[in-house]
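Enquirer: Residue numbering for the sequence shown follows my numbering, beginning at 370 and increasing consecutively.
Be aware that a few hints might be false.
As the list claims (entries may be wrong) - In the DSS-like style, the derived pairs of lysine-lysine whose C-alpha atoms are separated by at most 27 Å in a straight line are:
no., residue 1, residue 2
1, LYS393, LYS418
2, LYS372, LYS507
3, LYS426, LYS507
4, LYS393, LYS507
5, LYS372, LYS426
6, LYS372, LYS418
7, LYS393, LYS372
8, LYS426, LYS393
Hint data in this document are derived by calculation from the structure and do not stem from the laboratory.
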Amino acid sequence: MIKSGGSFFRNGTRCTIGAVILLKGLPYMVTVSHLFQGEGDHLTVDGIKFAVTRILKDYDLALIEIPPDSPVEITEFGVPAVLEQAELILEQAELINETHVIQCRIVNSGASLVYLSFPRLNMPEPGDSGSPILQGGKVIGLMSSVTLNNCMGTAISSNILRSLKR
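My request is simple: use the sequences and hints to build the entire structure.
Expert: And the structure:
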């Protein structure tokens, strides 16, 4: 089944499906575009070949159309919760894919990006690009980049992913 957090392969490298959305009634995989050269690039999911349908460079997103008869799980999106006002505690979140789960905290959230803080000894790896960031069981963003020297990362906000469905 094609779903958020699942894997695809590009040039023999395991990569992560960030989300599965419906656009005009058709299912699409969404991941980060920096994994690809451009539209038409090939990838494989469960032995089936796909091609990148569309690149949204402004948001570092790639859309891959999925045949309508394919088994998919449509992603449920949430809204990033940054701070509990009374306690001023940073909110817990998780980066999740088929190889591991990494705990993180939401530091700040804007219209298009979510800023994350990771534990010093449990940082995302290069294959984690595109992984969904979950909070309360819902996807609030897709991992885009990480800065190792300060254990911070950025994710593409679920606000952008939800706006694609319009």
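Enquirer: If you test the structure against every hint from before, which numbers come out violated?
Expert: none
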